[in-house]
Every structure is written in C-alpha cells, then in structure tokens.
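Protein chains: 2
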Amino acid sequence: MDKSIEQEFHFSKRSQQLKSSAIREILKVTERAEIISFAGGLPAPSGFPVDVIRAAIDKVLRDNGKVALQYGTTEGFAPLRSWISEEMNKKGANITSDQVLMVSGSQQALDLISKVMVDEGDKILVENPSYLGALQAFSVYQPNYIPVLTDDGGLVPESITSQVAKNARFIYALPNFQNPTGRTLNLERREKLVSIMANLNIPIIEDDPYGELIYEGTPKPSLLSLSSNLGGTIIRLGTFSKVLAPGLRLGYVVAPTSIIRKLIQAKQAADLHTCTLAQMAVYEVVKDGFLDKHLPNVRNIYKTQGSCMLDAIQKEFPAETKWTKPEGGMFLWITLPEYIDSTELLKKALKRDVAFVTGKPFYIAPGYGQNNTIRLSFATVPEEKIRQGISILGQLIKENL
Amino acid sequence: MDKSIEQEFHFSKRSQQLKSSAIREILKVTERAEIISFAGGLPAPSGFPVDVIRAAIDKVLRDNGKVALQYGTTEGFAPLRSWISEEMNKKGANITSDQVLMVSGSQQALDLISKVMVDEGDKILVENPSYLGALQAFSVYQPNYIPVLTDDGGLVPESITSQVAKNARFIYALPNFQNPTGRTLNLERREKLVSIMANLNIPIIEDDPYGELIYEGTPKPSLLSLSSNLGGTIIRLGTFSKVLAPGLRLGYVVAPTSIIRKLIQAKQAADLHTCTLAQMAVYEVVKDGFLDKHLPNVRNIYKTQGSCMLDAIQKEFPAETKWTKPEGGMFLWITLPEYIDSTELLKKALKRDVAFVTGKPFYIAPGYGQNNTIRLSFATVPEEKIRQGISILGQLIKENL
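As given, the protein sequences belong to chains D and H, one line each in that order.
Oh and the first sequence: position 162 is 162 in the UniProt record's numbering, straight run, nothing missing.
Oh and the second sequence: position 48 is 48 in the UniProt record's numbering, straight run, nothing missing.
Please keep in mind that the hints were generated in silico from the structure rather than gathered at the bench.
Any given hint could turn out to be false.
Which copy is meant is left open, so a pair is good if it fits within one copy or across any two.
Here are the simulated SDA-like pairs of lysine to any residue, each with C-alpha atoms no more than 25 Å apart in a straight line [what the hints assert, rightly or not]:
hint : residue 1 : residue 2
1    : K19       : I260
2    : K19       : D122
3    : K66       : L42
4    : K123      : E8
5    : K287      : S97
6    : K66       : A55
7    : K19       : T73
8    : K59       : F290
9    : K59       : V286
Same shape as in the complex, but just chain D:
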C-alpha cells in the first residue's frame, strides 16, 4: 500500500453525511495546557471515583476474571440491567429488566435507534437547538429533520401539531439541563409533551445524560415515569458517563420489548456486546448504594463551578447579554448582542487562550439570531480560571459594542 498516494475510494451516499463534530475538532486545539476551555462536553474528572472503580475492577477480576474477560450476551450483564430497572421503578417507571439494553455509551443508542427506525427521508422531530452528537448519529440515516420550537422553558409541546408531526418516526428531547442550552422542561410541559406524543402515537427519545447532575430545585419526573399514567412510548437513554466516568463507555436504553429486540439485533451486528468487565465493575460499584454517597460530591463540583461562572458573567458581560441559569448539568447558553458574530469572537478568544463553542452547529434549521449564541461549559475549569476566562470574553465582547 503506497501511502504517499492519496487514493480516491468510492464511499456510500450516507457517508457524505458524516463530518467530524465541530466540538471534537475544537477539543484538539484546547489540548494545549495554557488554554482555558469552556468548549468541551467533558465531565469533571475530579468527580471520577477512581479508587472505588479501581477496587471494583480488581474484585471482579479476582473473583470472576474468566467471565469478565469472555464474550458476553448482547443484552448486557443481567444484574446490572435489573439494578437499572429497579432504580427506574423507584422513580415511578413501570418496567422490567428485559426492557433494558446495555450499550457502549448512550451515543451508541442514538446510532442503533436511528438504524432500526429511520429510512432515508423519514421525518424526525428534534429540539432546535439540540445535542450535536445526536445530530451526527441521526444524519447518517438521512432523515428529514423537523425542528421543534424552544423558548426559555425549553421545548414547546404545543408547537407539535398533528400536521407537523405526521408520520414522524420519533421526537428527540433532552428534558434535563439540555445540551446546549442548559434548559429544563417543567412538569407541566413534560406532561403535555408525553400526552401529545401519546395521542400522535409517536415515540419520544428521552435522552437524560445529565439528570443526576442536579444542584438547584427538586428533580422532575422523567418522561418514562410520566408515561406510566399518561401512556405513549418512551425510549429512555441513560449513561454512567456523568455519574461515574465516561471512559468506561457504558450507557443503556429503556424501551418497549419489541423495540429492544430490534436494537439487540442491531447491536449484535454492530459490536456484538458491551465490555463485560466495565458492566460487572459498574454493577459492583453501584449495587450497594454508592451513588447516594457519591453524587452529592459531584453535584457540588458542578454547583460551585456553575455558580462561579454565572457570577462572573453577571459582572463581566455587557447588560445586553442574556444567559440561561441551569438547575444542573454542565452548560450555559449565552445570547450575545445581535451585532456580535460568535465565530469572530471565537477567533479572538482563541488568540487570548480562551475556547468555547459557537451556537450555530447545534441548530437543525438555519434561522434568525443564531450567529450570536455560544455554549459555555463550566465542568472542567477551576473557579480561578473560570473568572479569568469570563473576564477575557467580557472584554472581547465589550470591544465590539
């Protein structure tokens, strides 16, 4: 193979939809140590219970090494699936463990779901703006995106009329501390959304990576739990990436068994099964209630850093700026004065060693007032650096006034 020659190959039509995420590209830039990065979606490593995970893996390998290192079932490690279904049911759901499929991070669920549900040109409803990784996963299957209206309260359920939604394969929503906006759906909107979609007979993909990272107010019921009374089909995605650690690549899907069966077949073809050792170790970690002790520490990290960022923005950003005040999660969404182009701002910020992500790539449909939005993550930046970085951004914005 002569690597000096850049050969041309034939790629599939669907592969033309593939592009590297703007975020993952900017993450490469932000690997420089001197950069203050508000760009990434990485969780705070100070929240990883390294020693607990280390002890759990060691115990699993000591007691059960040959099982942990052998091929496993596609469905996943049965005790962990039972634990997940029990946790859901404690919070008002009504599911069995065979409605749970373990996946290699919840990103994989997005790929598998669109693989089994979406044909080219099929309508899917997506909050506008929405999580970039989901858009990447869906786009491979060439759907027809229907943007769903959002406001300061998140997704607006009433905007989903039967005409808009007709024949849509699903709606994709992040009810808690949405990525990129940090917004949370209130109870009333949750109930409306579940009822409306139940009436329309369209499944809801409820993606909830951040729900446990709540540091203000009380947890809202999941769409899955609301569907126990309100009906409808919920495909709920969960992950251990934010409550334990993302490097383990461990997430799960909860859905009606007829959908889970299809997803199992798709997963079998895609990667056979999820890492057995990671599943057994995570079960070992969570089975006796470790998360109840651990999560307050994690929430505290996010609360401290999130509050610090909000305070700094209040102090440093011009009055015309608007921003969300999340009750949890990792992100703030900033709407700058309209005459500021966030792409230009990013260029200037990078020169001053501050990184963030512009808002535009998160929008499904082009529209007015998108160029002046930015997403800031406070998850991995210590307070001192947050103040420094926000101060620099504030100066740059004011220079443009």
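Go by the hints and put chain H onto chain D.
Quick look at chain H alone, frame taken from chain D:
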C-alpha cells in the same frame, strides 16, 4: 408504558435485514452445564492472562486514573496505535500509526466499513461460506452478495474475473484458519488474490482474528504485507479478543488514511470512542513483549484440543466423512455423507447433550451439498469431553447410514 400490550412500531427497511445469529441463539441452549458444546466461537478462557490484565488495569488506574476514565479521542490511544503499526511493519507492512483506528472489537469495523462503503444494492464479494457475524454486519446495508468460490485450499482467486467483480465495493476474506472452515490460503493464492484485486482496483478486507493462533507450519505473510510490493488496497482487521481476551472489546482497522478518516467520522457518530481504560491496559500488557511469552501457551491449548478432536473424528466418524485439518484457529469443518441432514443431526445431538452449528447459515448463496456440513469448535472443550462428544456424534451419524 403498558408492557402487557405488544405494540407495533414502524421499523426501517434496513432493519428487516436484522436477525439474531443462529450461533448466538444456540449459545443460549448450550449454557446448560451438562452440554458438550462444539457450537460457540468463544476462545479458550484458560488462555486469558487474567492476572496480567488485572495488574495492568490496576497500574493504569493508579498512575493515570483520571485520563483512563475520561473521554478519549475517536482514533484511539496513540501509543497503542503506534505499537500496532510497528508490529505490522516488523512483518512486512509499510504503514504509519495514523492508518490505525481502534474499534470496539473487530465486529465494529465490519459495521463501520459497510456503513461508509456500501449503498443498497452495491456488489460485495464474499467467500462462500463465510463468517456469520460479517454477513450480519454487511446485510444491514443491503448489499448484493457475490459469492466467491472456495475449495479445500480456501478462496479461489482465479474465480474473481473482472466481470464477476465489476463495481464491487470490496472483497471480504479470512486468509488464516477461516471461520467456518478452518482453511488457510497458501502463499501463491495470497499473492494472486492481492494482485488480481489490485488490478481490479477493489479493496480487500483482510479479517485476521485467528492468525496468531497458529500451531502447525509457519505463518504466512498477511495480505497487507504482500500489498507493500504487489499494490492494491488492504483494509486489515485485527483484534485482541483471541490473543488476550474478548470481553475487553478491543480491535483495530488498518487502512489507507482516506478510508481511516471516513471510518473515524462514522465511529464518532456511532459510539464516540473505544473504552480508554481497555486501550491503556492492553498497551501496558503488550508493550514489553508479553505476547511473545504468552502466545505459545495459547497455541498449545488450541493445538492439544484440535489434535484431540481430529484423532477422535478419525476414530469415530464413518469413512465417507470428510473434514478440514486446520493449521490453527478454533474450527473444523465437516462434510458428512450427502444423505445426512445436519439440522436433523443437531436435534438428535442436543437430546444427547452435544451441540454444534450446522453449515448452512454460513453460505451466502444457496447451493448443492450445504445441508450435510457442520462446524465444530474445539476451543473451549477439554479433551475428555471432546472424545465423549465426538463419540456421540459418530454414533448418531452411523445410525443414519
């Protein structure tokens, strides 16, 4: 969600191609302890270096826990990619580490490759019979399978005429100890295959999960290494599943950078990246030459059990039976007398607590003389049980004579 109601959902056209593997279904039956199973494709757990992996994971988590548990790059852990490219180059390849993509088991490579290369109806060339898992992965993308002739020497390169191969997206081949037949391509056929495909300008997917499990003769050069002189495009798949342990879900693809770039984008959308901890731990295990000490033990397990099975077959099966004599790997391929239906034989065998896999599902195209083939794996069965199981199969076959 009322789980008592079996709802009907709309699934994609491609999902109609999904079915659970006959093998993974039979594996569920064979979980009973009393079953002597020649059915599975599981590697021998006695060959898993549990303590070495355990120590490596512990070291990685102790020294570098927060990195090992954080999100990683889609490409994979750089030192491991370098190690892989160096190992390939020692064996005659000529590649750089940016031609290596780490994947969640080499099954994922099969999915990603067909995702980026195959549109519905596109021709792909596949050895007939071939690995069932590959057929599952490919089928999702609805290709037009073109079966490639095989004989006792494996794939017959001369059968691939320009007419047969015209516009094919790739050929999929397992040159070493093929699954299901156990056959190996000799050097002459390898050279011919690489040359013919280079002339036709069609990539070869060289799937080599078993190559290191060689216990007779000398290793043959990989198609990748032959392409250094003969030209052509090789997409080589490797895995740590058979040389270390499959539960880690760690494989890799080697390909020209323009293909790797597309695969990286597809992997990013599919599952972001491969488990960081598994990659760092495997690098820790392999970096100082552990495999050189370890592989002779693994090969010895397979040689002992493979020879035991061959001896037992020679003694117990009727003279009209034919079988392959593999130089490595995990499988024997048996051609029974033509009037024996292997599906009927399997039913009788299961009643006597012996399991195997019938040959038919491995064929791409229906044809004469497929009903009387079976695949036997000797990888996970101790010698005493091999003799017992083969004796029972021999009796059942003879009862049909």
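Status of each hint after checking the structure:
1. In this assembly of identical chains, K19 and I260 lie within 25 Å of each other by CA distance solely across copies; the values are 13 Å between and 28 Å within a copy.
2. In this assembly of identical chains, the alpha carbons of K19 and D122 lie at most 25 Å apart whether taken from the same copy (21 Å) or from different copies (23 Å).
3. When the C-alpha separation of K66 and L42 is checked against a cutoff of 25 Å, the pair qualifies only between copies, where the shortest distance is 12 Å, while the shortest distance within a copy is 32 Å.
4. Taking the shortest Cα distances, K123 and E8 sit within 25 Å of each other only across copies (18 Å), while inside one copy they are farther apart (33 Å).
5. When the C-alpha separation of K287 and S97 is checked against a cutoff of 25 Å, the pair qualifies only within one copy, where the shortest distance is 15 Å, while the shortest distance between copies is 40 Å.
6. When the C-alpha separation of K66 and A55 is checked against a cutoff of 25 Å, the pair qualifies both within a copy, at 17 Å, and between copies, at 15 Å.
7. In this assembly of identical chains, K19 and T73 lie within 25 Å of each other by CA distance solely across copies; the values are 15 Å between and 32 Å within a copy.
8. Both within a single protomer and between protomers do K59 and F290 lie at most 25 Å apart by alpha-carbon distance, with minima of 16 Å and 23 Å respectively.
9. Proximity of K59 to V286 under the C-alpha cut-off of 25 Å is found in both arrangements, the shortest distances being 14 Å within a copy and 23 Å between copies.
Checked against the numbered hints given earlier, this structure breaks none of them.
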